[in-house]
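*Asks:* Each chain is listed here by its residues.
2 protein chains.
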Amino acid sequence: MVEPRVLKGFRDYPPALMIPRERLMETARQVFRSYGFAPIDTPALELTEVLLAKVEDGAEINKQLYRFKDAGGRDVALRFDLTVPLARFAAQHYIELGLPFRRYHLGTVWRGETPQAGRFREFMQCDFDTIGTLSNAADVEIALVINDLITALGFDRFEIRVNNRLVLNGLLAQLGLEENTSALLRSLDKLAKIGRDKVIAEMQTEAAVTSDQAAQVIALAETTGSNAVILDQLNRRFEDNEGVRKGVKNLREMVDVFRTSGVPDGRLRVDLSICRGLDYYTGTVYETFLLDKPDIGSVCSGGRYDNLAGSFTRQALPGVGASLGLDRLIAAMETLELLPKTTTTAPVLVFQLDASRYGDYQRMARTLRTAGIGTEVYPEAKKLGQQFQYAERRGSKIALIAGGNEFAQGTWNIKILATTEQTPVSEADVVATVQKLLA
Amino acid sequence: MVEPRVLKGFRDYPPALMIPRERLMETARQVFRSYGFAPIDTPALELTEVLLAKVEDGAEINKQLYRFKDAGGRDVALRFDLTVPLARFAAQHYIELGLPFRRYHLGTVWRGETPQAGRFREFMQCDFDTIGTLSNAADVEIALVINDLITALGFDRFEIRVNNRLVLNGLLAQLGLEENTSALLRSLDKLAKIGRDKVIAEMQTEAAVTSDQAAQVIALAETTGSNAVILDQLNRRFEDNEGVRKGVKNLREMVDVFRTSGVPDGRLRVDLSICRGLDYYTGTVYETFLLDKPDIGSVCSGGRYDNLAGSFTRQALPGVGASLGLDRLIAAMETLELLPKTTTTAPVLVFQLDASRYGDYQRMARTLRTAGIGTEVYPEAKKLGQQFQYAERRGSKIALIAGGNEFAQGTWNIKILATTEQTPVSEADVVATVQKLLA
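Protein chains in written order, with the numbering used here: chain L, 1 to 439; chain S, 440 to 878.
Note that these hints are calculated values from the structure, not bench results. Careful: at least some of the hints might be erroneous.
Claimed, not checked - Counterexamples of contact, computed for chain S against chain L with all Cβ distances above 12 Å:
| id | residue |
| --- | --- |
| 1 | E442 |
| 2 | N586 |
| 3 | T620 |
| 4 | N680 |
| 5 | N844 |
| 6 | S865 |
Stated by the list, open to error - Covered stretches of chain L, as calculated for chain S (at least 3 residues, CB under 8 Å):
| id | stretch |
| --- | --- |
| 7 | 34–45 |
| 8 | 321–327 |
This one's a predicted model, so the numbers in the text were calculated from it and none came from an experiment. No residue lacks a Cβ here, since even glycine has one placed at the ideal position from N, Cα and C.
Could you put the whole structure together from the sequences, leaning on the hints where they help?
*Replies:* Laid out in structure tokens, this is it:
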């Protein structure tokens, strides 16, 4: 006998976790598809050489890889993100795919991190990108997708915060700090988390700038006001900086398209403190905050990059995209009580009183299923109490109960499980009644 | 520069493969849910000890494992099926899950087989099972799910062939061949594939039976006639064999429930040659054949087992389930030309003629998306020819085209891409017109 257990840092998804997860993933897919983003998938296992093609030797991710030699002696590893596989995929297939190319990818990734509360070694990523175009229209569209995505997932109160790396670079150039860009942006990225003073201290040690210079960077990042006010101010301040003016123009176009295309006001906010820590990004950057749960951080983030697949091909593949933080979002929905508590996928449970009438139970269930109503039939003719217990445990909403008397009269007892109400309904009226009760 | 490539035996899924795949998976999920089957997921990586808990030392699967030591020195492997994970999962969680428990699981599995045409080392399994009940109602329901599943996937002409191991065991007992059951059923399982003579020869060498005994086994398996005729004949022949009578009773109940619950005639066929090779099955066994593509073999197979998780728990967990052959089915649909040729998920493409009107293009797209119509906006204001080429490549159905004149008049040109037809339509009528054209 082997003790049944999972590996440390891994977890099972029982129905209570998997039902909302699947629903969210399906909603996300629908939104992506509605914009013409197409699904792709790539192998979980790749050559280590491919996965590490653009990773520096000492990088953290290097130590986190699930890496081994396969039976053929090849050095292989489980993918740790979906970006490297996209780069490899795009380099290999861009000719037959045709550019521009919009793709989404929901896939599992693995990282051998030290497990922490709420962090797992196996998790799902949910990425969407448009590659092969420099057009700002693609950047605007990614923000529109984020808006539809978070709306479709059931949120109304959220904010997509956008910035453009060109604006930040312009400021750093004005201060003579171009060379420290990476270190400064990595520190600035922590502003919301660790606060002004700590960021200034870190910039001094990590990027070798004066406290005055650090304060100026932060002052720009903290510029407040309406989108129009912030953008106008930038244009005045950086009148002769082409990069900043391009960044401002792109942000302004995004703001305009949001208005023209009818997105509710307030969803898009220019926020100069958003910078994303990665060197990778070169233009627009996005983060998305739930206004009722800002402490969980951004639930959908991304940006524009100049060159996706430089490690694999000479073909320049610029692009723009974002990633939905599925697990973070589910955790937020759980605390906000936005997740229905159920472990069944079918709201109706047909009780089984008489095993010899199983065909009739399934006939009724079939009628309901055909009307689009998920319907379980209890699989054994057990005691009523046990069937009620099952219904309660599963979170079923409605029970249909019929025995000899009901079959003789052509009726079904319909019971709303949260109450003690029970009503006999003639067979022909069952579907309509159940539909009304579930509405 | 690293050469972009995938491992031997692995493959990418570009949109042309992934779009139908995702659609099939979603359809399957919907059918499972409509019966109250609930989704679960388990880790891709497990302790090797767990995955091999019920595998014999010399077994083929042992050699096919992707197995390695993780950073913590643990002996781990990628799952090679979803049955062992279900057994482990059920043993670990059956108390909080409550029994009976219906689950489905769509998941990737890995086997380091020698790659052959159409066989991959990474593939998707799609399993559904009811565990924790001995009731034949669960067996009947699995067949009903198969029927709804194959129907929902777009097939009308198919047959679920069922048998019961109790019937086969009864025959073997009558012939005094109980001890050779495993070897005989493994040979019998090949009847459709290699034919009568070869099966007889194999039974003689593998199960040490006479050619006469082998012929008797096959004669029973080849019994033909209506379901009722076959079942009546069995009852007469095995009058005093309790096992056979129970098997017949269960099959008869399935036939009856199919009729009572209104499944079209001919979908369920008692076929005594169906036996499934695995020792694992103890009762009902299922296979499913597409009548227009019988050569690809069964597209959905399974059966009843006595003890799912004996390697992990003393708790008896009987169950019944089946597995949908997703890849096989997609291949069949491809040859039968049942798969739409498209690499976009959105039937409508809004052309971009004037970059400064991008907000208006997205506004129209938004209106269509809100009406449930997937709509792409071409991401750059490129030449018309290039946008048409893109539409053709993607398999878009309808183009919406508007420039200065159209905006001045408040109209959109609607073009059906398969034809040369192009009609100007006033903005307010676009949704209705597109809906009509797509219907």
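*Asks:* Hint by hint, note whether the structure agrees.
*Replies:* Now the hints, each set against the structure:
no. : hint    : result
1   : E442    : violated (8 Å)
2   : N586    : violated (10 Å)
3   : T620    : holds (26 Å)
4   : N680    : holds (23 Å)
5   : N844    : holds (19 Å)
6   : S865    : holds (19 Å)
7   : 34–45   : holds (count 12)
8   : 321–327 : violated (count 0)
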